[in-house]
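Here the protein sequences line up with chains W and R, keeping their order. Start counting the first sequence at 1; every next residue gets the next number (this note's numbering). Start counting the second sequence at 104; every next residue gets the next number (this note's numbering).
To be clear, the hints were calculated from the coordinates, so they are not data collected in a lab. Possibly wrong hints are sitting among the right ones.
To be verified - Derived DEER-like restraints, expressed as beta-carbon distance ranges:
hint	chain 1	residue 1	chain 2	residue 2	range
1	R	Y197	W	V95	14 to 20 Å
2	R	E216	W	R90	45 to 51 Å
3	R	D105	W	V71	34 to 40 Å
4	R	T134	W	F67	26 to 32 Å
5	W	R90	R	L201	29 to 35 Å
6	R	L252	W	V95	23 to 29 Å
7	W	I98	R	F111	31 to 37 Å
Stated by the list, open to error - According to the in silico footprint, chain R covers these stretches of chain W (three or more CB under 8 Å from chain R):
hint	segment
8	19-31
9	44-54
10	69-77
11	80-87
Glycine included, every Cβ here is placed at the ideal spot set by N, Cα and C.
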Amino acid sequence: MAVPLGAFIAVSAVLFFIGTAGVLVRRNAVVILMSVELMLNATNLALVAFSRRFASIDERGSVFVVFIFVVAAAEVAVGLAIILSAYRNRPTVDVDEIRQMKG
Amino acid sequence: MDIFGAAFFALLTIGTIGAGVGVVLANRITTSALLMAFTFLNVAGMFVLLGAETVAMFQVLIYVGAITVLILYGVMFTPQSPRPYGLFFQTQKYWAALFVVPIAIFVAVVAFEFRDSAAAGGSGGDLVPLATSIFGDFAFPFEVASVLLLAAMVGAIVLVKRDEE
Numbered sequence: 001m002a003v004p005l006g007a008f009i010a011v012s013a014v015l016f017f018i019g020t021a022g023v024l025v026r027r028n029a030v031v032i033l034m035s036v037e038l039m040l041n042a043t044n045l046a047l048v049a050f051s052r053r054f055a056s057i058d059e060r061g062s063v064f065v066v067f068i069f070v071v072a073a074a075e076v077a078v079g080l081a082i083i084l085s086a087y088r089n090r091p092t093v094d095v096d097e098i099r100q101m102k103g
Numbered sequence: 104m105d106i107f108g109a110a111f112f113a114l115l116t117i118g119t120i121g122a123g124v125g126v127v128l129a130n131r132i133t134t135s136a137l138l139m140a141f142t143f144l145n146v147a148g149m150f151v152l153l154g155a156e157t158v159a160m161f162q163v164l165i166y167v168g169a170i171t172v173l174i175l176y177g178v179m180f181t182p183q184s185p186r187p188y189g190l191f192f193q194t195q196k197y198w199a200a201l202f203v204v205p206i207a208i209f210v211a212v213v214a215f216e217f218r219d220s221a222a223a224g225g226s227g228g229d230l231v232p233l234a235t236s237i238f239g240d241f242a243f244p245f246e247v248a249s250v251l252l253l254a255a256m257v258g259a260i261v262l263v264k265r266d267e268e
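Make the full structure from the sequences, and use the hints.
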């Protein structure tokens with residue numbers, strides 16, 4: 001394949017910064033969670049790219065990607081639970097209006 | 104094969120970046136969620152292009168399947184009245200741009216260092232090396248990860264459970 005490693009790293013970096021911008025700029029807590037998922041996915045892309053580039057040494061990058069899958073699933077489950085319980089106290093998912101986490 | 108791979112990569116790049124920007128900029132939150140699933144599918148295609156078919160399969164199963172459905176449930180349980188578009192952005196967007204742009208330039212420079220690196224993509228699939236690593240050297244972290252998933256599941260249930268009394 002003719003696609004160089006730097007192209008994948010560049011796409012990964014752009015996707016990561018799209019996610020960063022989403023976390024910083026959006027107000028809706030669910031969209032912030034989605035942006036965090038985009039950042040995790042960009043990290044996965046970089047890890048797999050480097051792992052395949054140096055595949056003659058080892059395949060460790062893909063192992064880390066599997067662990068990132070696990071952590072992302074746990075993060076989404078707990079994050080959505082926190083958003084839902086905050087929504088139950090005050091019916092909003094606007095992070096500017098949620099000023100306390102006290103139940 | 105070279106032309107095919109490059110064209111496939113260009114298509115996937117356009118899909119990934121375009122849908123990613125759509126996630127951040129879309130007005131309706133359901134559109135954001137579905138565009139996020141599309142971004143995940145494109146990244147799975149990039150994994151295939153890199154020769155990591157097993158990771159691509161996990162990506163489709165976990166991200167496109169599970170996490171997107173979970174987030175769509177979150178969207179469903181938190182109904183919002185539609186608001187004008189400008190209100191969806193926080194007030195510190197210029198500060199955000201001030202911090203993001205220099206770091207983005209730095210990372211672009213770092214990525215440019217790899218421009219004439221050898222072509223990506225090893226030989227053979229990645230299932231056997233992945234499995235031997237996970238169930239060999241990484242067996243203990245694998246078990247710890249399962250405990251983490253169990254703890255997250257219990258925590259999510261406790262957080263969402265309504266008080267009975």
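Given that the segment 19-31 of chain W was listed as covered by chain R, double-check it with a C-beta distance under 8 Å for 3 or more residues.
That given contact holds, which follows from 11 residues of the segment 19-31 of chain W lying within Cβ reach (below 8 Å) of chain R.
Assuming the hint says 29 to 35 Å, is it satisfied by the Cβ distance from W/R90 to R/L201 or not?
31 Å, holds
Holds or violated: 23 to 29 Å for the Cβ distance of R/L252 and W/V95?
Holds, since R/L252 and W/V95 (Cβ atoms, about 26 Å apart) stay within the stated range.
Verify this for me: three or more residues of the segment 69-77 of chain W with a beta carbon less than 8 Å from a beta carbon of chain R.
It holds: at least three residues are needed, and the segment 69-77 of chain W offers 9 whose Cβ sits within less than 8 Å of chain R.
I want to verify a distance hint. Is the separation of the beta carbons of R/Y197 and W/V95 within 14 to 20 Å?
18 Å, holds
Can you let me know if the beta-carbon spacing of R/D105 and W/V71 is within 34 to 40 Å?
36 Å, holds
Taking 31 to 37 Å as the stated bounds, is the beta-carbon spacing between W/I98 and R/F111 within them?
About 43 Å separates the Cβ atoms of W/I98 and R/F111, which means 31 to 37 Å is violated.
Are at least 3 residues of the segment 44-54 of chain W within less than 8 Å of chain R when you compare beta carbons?
Per the Cβ count (7), the hint holds.
Given coverage of the segment 80-87 of chain W by chain R, checked by CB-CB distance under 8 Å (3 or more)
holds (count 7)
At the C-beta level, are R/T134 and W/F67 separated by a distance inside 26 to 32 Å?
31 Å, holds
Given a hint of 45 to 51 Å, does the C-beta separation of R/E216 and W/R90 actually sit inside it?
48 Å, holds
The structure does not agree with numbered hint 7 stated previously, though it agrees with all others.
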